[in-house]
Structure formats: C-alpha cells, structure tokens
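Undergrad: First to last, the protein sequences are chains A and B.
The working numbering numbers the first residue of the first sequence as 1 and each following residue consecutively.
The working numbering numbers the first residue of the second sequence as 1 and each following residue consecutively.
Treat the hints as calculated values from the structure; they're not laboratory data.
Idealized CB from N, CA, C, for every residue including glycine.
A couple of the hints might just be wrong.
[To be verified] Under the rule of at most 27 Å between Cα atoms (straight-line distance), these lysine-lysine pairs were calculated in the BS3-like manner: (1) B/K195 - B/K312; (2) A/K170 - B/K182; (3) B/K195 - A/K67; (4) A/K67 - B/K93.
[Said to hold, decoys possible] Here are the simulated distance ranges between beta carbons: (5) A/T65 - B/G128: 35 to 43 Å; (6) A/D63 - B/G128: 17 to 25 Å; (7) B/T168 - A/D63: 31 to 39 Å; (8) A/Q181 - B/A186: 16 to 24 Å; (9) B/K193 - A/F205: 41 to 49 Å; (10) B/S97 - A/H243: 37 to 45 Å; (11) A/L86 - B/K195: 50 to 58 Å.
[Stated by the list, open to error] Anything over 10 Å on all C-beta distances counts as not near chain B; from chain A, calculated: (12) T27; (13) R206; (14) P216; (15) E290.
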Amino acid sequence: MSKRQLAMVMDLNKCIGCQTCTSACKTQWTNRNGRDYMYWNNVETHPGSGYPRKWREFGGGFDATGKVRQGRIPDLARDYGLPFDLNYAEALNAKGAQGAPNDAEHPKSASFRAPPHLQPLTPPTFGPGWDEDAGAGEYPNTHFFYLPRICNHCSNPACLAACPRGAIYKREEDGIVLVDQERCRGYQHCVGACPYKKVYFNPLFRRAEKCIFCYPRIEQGLAPACARQCAGRIRFVSFLDDHAGPVHKLVTKWQVALPLFAEFGTQPNVYYVPPLSPSKLDTQGRPTGERRIPEAFLVELFGPRVPEVLKVLETEREKKRRGETSELMDLLIAYKHEEMFKLDSPKGKA
Amino acid sequence: MSLPENPPPQISQSSTDSKNIPMRSLLICANLRHLRFALFFSLFYSLLAAAADIPLLRIEGEPAADPFSPAWLKQAPVAVALYPQVSVPPAAKTGKSSVKVRAQRGATTLALHLEWADRKPAKQRRIGAFADAAAVQWPQRPQAELPFIGMGHRGAPVTLWFWRADGTAELLAAEGFGTLTKQSDAGVLARGKWKNGLWRVVLSRAVEPSPESWPVAFALWNGEGGERGGVKRLSAWQTLRFGGPGTTGKAMLPGNAARGKRLMSERGCAACHSYPGNPTQPTQLTIGPDLTYAGGLHAPAYLEESLREPSKIVLPCRSCFVEQNGQRISIMPPFEGSEKDRTDLLSYLRSLR
C-alpha cells in the first residue's frame, strides 16, 4: 500500500461510448512499437464480451488465502484481435482508382474495373469494440451501457504479486503501478495474474507494458489524457484521502462510486457510478417501473451496494428536477471540466 | 589478461537501485581465476552429494561452435539429472528429466555442450509463447561455501551463461531468486540447433587458464510447456574436472532414512513443508519450501546447514520469514535434538530425489 493513492471515478450514466478516451490514450502511448494491439484504455459494451474477449474468464487476482492466482494469457488473434492492416496500395493506387468513380462520367466499359474497397487485408475475427452496442434483452427492452476500462492501479496489485523479479512497483507518492522496463524479463506472469487483463506483453521489446496513469502528465499537474479528453465529462481524478477532491466526495462521502469486481481481491482504485436506466415496457408499451438494465447484472459487476446507490442517484436527481439543490448532482454534472480534477492538496504539500 | 580486482557483479534487487548501476562485463574472466580456491570445497560436496563429475577435455585450438560437429559428438556425454524448480512460486509442473553434458577447454575458451530431448522446438517469444532455453551456472566468488543452487544467495553470487532458442545469448549474474541481472549481450557465444527431437547447444566463453575443477550447474526451459524464469528444471551443483571422472557413483548415505521420514512428522516439519507421502501435505498454504527434490538438488552440507541455521539462506516464500533490520529471519526453529535424529533426518532429506 502506498502512502497516498490517486484514484479515478467514472460516471457510467454519462459515458456515450465515443472512444475519445481510447483515441487520446492510443495516440499518446500505444500507436507503434509493438503496442499496436494494446488498448491501455478501452470502452466496452456491457452486457458483452469486453476486451480482450471474455476477459473476466481468464482468472488471476487472489484466492481466499491471499495467494495470487496465475490466470491465463490471452491470445493475440483470438482474444485481443489482430491490428488491422488495410489494403491501401490496392484500393488507393490501383488502376482506375484515380478520382471518384462516377458512373455517368465514366461509363462502365470492358476495360474498367472498380478498385476494391478499403478494407483489412486479413478478415478480422475480433477486436476492441467487436460487439459494441450489441447488448442484451428483447425489444423493446434491449439494454446496454458503456464501461470504460484502464488499469485499476490496485492497492493490492496481482501483477506486482505475480512478478518473481519485483519488476513491478507501486509509487509511494500516488499509488501509480508501473513496470520497471529495466527489470522486466518478459515472463508474462503479470499478464496472466491481472484479473482485469490490463497488463500487456510487448512482442517487439519483449517486456510487459500497461497504463501508466499518464504519470508524466500527473507530475505536471495535468489529468490523464483519457480523463482530460473525455467529451462526456465522466472522469474524476483526485487523491482518495483529499477530502476536497471529487473522488473522495463520490467514493467516501456520498458512497456512490463502486469498484469493479472487488472479489478479485486486488482493491482497484478506479470506481464506477453505476448506470441508471429507463423503465422496461410491457407488451402494451406501458412503463413497468422496473429498470431496463437488470439490477442483478450490475450487482455482479459492482457488488451488493448497487441497489442502494441507484436509489441515492434517483433521489438526488429528483431533487435537482424539483429545483432543489443537490451537491451530488452538481458534482456529477461537472459544470466545469477542470473541477473534476484535483491533483494536489494541502495534505500532499505538507 | 588477468584483472587486478575481482569486480563486483551488477545485480539489482529492487526497482530503485536498478537505475543507477553502470553496465559491466567480462566478469567471469576474473571470477573463474579464483575458483581454484573453491576447489577443495567443491570436491568435498561432490563426494557427499554423489553429483556427477563432468570430464573436461583439453583440446588443441578452440571448441567447435557447431553443436552437431563430430568433434563434440565423439565425446562421451555425462547425463545430469534435472529437477523441476519447486522451491518458490511460480513452480515448474513437470517431472524429473536430464541433460547430457560434454565439456571442452580450448586455448582461450571453455565450452559446454548440452543435449536434451524435445519433441517440438519453441523458437520464438510472443504473447503467451516462450522460447526453449538453457543456462549454465557458475559460482562467482571463492568462498567456503557454494552459492544456493537456485540463483545463488546474498553474499554468494552466481554467473550464468544463458542461451535462448530465438538466437539470443546473455551473460547474467544473480544473488538469489529474483535478482537475475543482465551483465552483457556479448561475452557468451551460444549456438543451438534442433534436429529429430534433439536440442544440441554449445555455450562458450573466453576464460582465464583453468583450475583443475570447478562447480557448475545447469537449467533447461521447455518453451511450449510455458517454462520461463523460475518455471524451469535445474540440476544440483556438479563438478567440471580435467581428466575425467574422479568420484562418480553414489556415496554411502549414513543414517536411517525411514526413521528420518517418521521424524519429519514428529518434529513438525510436515506442517510447513510438502514432500512425498507427507500425511498432512500442506498444499493449500505451503509455508516452507517444497522438499520433494531436496536431496537431488542440494548438497548435504546445505541440507545440514538449513537444519542448524535456518535463517542463513531464506527463500522468498510466502509467510516463511519475518524481516528484521533488512534480514530475513526464518520462522523455522533451528534443529535441536540428538545426533542420531539429525543424521536420520538428513538421510531422509538426501533420499528425496
């Protein structure tokens, strides 16, 4: 356990699945050098398989005695999905591909062959967002929500526990979990042991790599790129013990932000405000009053406090609707983006 | 080309100190020079451990780089027993196996030829895929005791020649589990070739004029079986010796091993250590190191020392030690009892192979 812990809260009621966070992360950190297949940040649809495919079933984390579980290592093509290589040469430079093919101006002749569409060279079988927006349920009660995921920078990281070389460490000052690139020998025990499958093996450098919580930005007083770029303003970042910070307010004061799969035993430090959903409709199209996303499903992900949290959210939302004040709703609305981040505190400076 | 000082190995134990250490190479040249001082002790161990003597053939010129060269294959190999690493997690899940070893000393280089059966070669490292590999381990400093067989121990570092089937070779050093640190990409020449279910690998390095014998140990990794790092099979310390076998064959084991096994339960060893036929077999939460291959891997002197002084070398097992002033203090009490009990216990431990 580190002295202090920087943590993130994501409000799933506001995530629109635009993948701006994913793009911010990818362009910043993982768009080359063996990282092409990695998504340190991804947004997946639930119910759904997630990324890597069915990552929940790969094992890892800790058993009841506190012993780290090995877990499986995902397969590149089957579970992560091969990065697409597009047929640029064929589609863009082929004979007849100059200009827009317009039937009126270029009537089809025996010699004219339309260039192929721009498409992946190898037909993809899986990738991040493969089952995006598929969800579950029968019309009109189909449902899904978005779940953005980064490394949880756990207080009890399974990756760290699984590394026989001590190559993974947790920073004292902010709890960020990092892989020491000079100590790592690419054994990949951490990849298997992380129950969230957020440690990746770089096949080019043959070392483990993962989300670094944008620590170079943090050290400049900036929020991680995924949070700063978030169009839906769903991400809050501050120290867990900073009472003036939004994370402490949401996690400890209002207790509406919950860890994902706490039973893995790693004590994750990314918290989620569970999503409310519209009422189910009966056969006549009348609202039944029952939420469309089954509560049991949310409990499976975020634990037994889900029903309680959803009630608090509804109550506070109603207050706001009636024109009363609600500290919680004002916080979640995030009128000012910069107020979602508080990276230093009087405590930290002391 | 002898170096005036024996340079300290570059070994990093934590993420913080790894940043500041400059790269050093050419360690083994200096270190092997001192190994003659360890000769007496290695001889002593080999007698008691009944470890194989590996004859070192002195040749004109340099040893052949090609592992399939007749210059190698005409030499009779010595089979060395390998045991799965089960002392610390993550443990190897295979059984016992062996590696055939040949050794040659040329004008400037010392070369070891390793041969073992492998139905399918694994030559690449990818996501979830590991390459076959082999390593030769040497003690690094002259002293009155051999380093712990598993990567040495604090104050007793080892040097390793490491070959991987993806074509890489490294000179490494270690001072205990988890401390393995690359010294150089150069310095060790290694070439491996797989043919008809056999790996043959030559590892060589320029060394100082040789002493008459020195301790050496081996390890193999089967890539397609997921073996890498500590998930490996390793040998006990062997003796590399000019002029062929001196003391092969099993030494007499004094003591009553059957009574020793009963004592394992009576003295409480069984509560923390797993070993074949342990009635309480603490598999869920093994506190002390697994003893299944204790006799095969460890010299009798080491086993004797572990009973007498459990805190001398403490492995990084879970909840088996407390830390005081940076020192690991084993929770195992030192052995107290009659000489007969001690001899019988040791006799049983040595039979575990």
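Undergrad: For every hint, state whether the structure bears it out.
TA: Checked hints:
no., hint, in the structure
1, B/K195 - B/K312, "44 Å, violated"
2, A/K170 - B/K182, "23 Å, holds"
3, B/K195 - A/K67, "41 Å, violated"
4, A/K67 - B/K93, "18 Å, holds"
5, A/T65 - B/G128: 35 to 43 Å, "26 Å, violated"
6, A/D63 - B/G128: 17 to 25 Å, "22 Å, holds"
7, B/T168 - A/D63: 31 to 39 Å, "35 Å, holds"
8, A/Q181 - B/A186: 16 to 24 Å, "21 Å, holds"
9, B/K193 - A/F205: 41 to 49 Å, "27 Å, violated"
10, B/S97 - A/H243: 37 to 45 Å, "60 Å, violated"
11, A/L86 - B/K195: 50 to 58 Å, "41 Å, violated"
12, T27, "23 Å, holds"
13, R206, "6 Å, violated"
14, P216, "16 Å, holds"
15, E290, "43 Å, holds"
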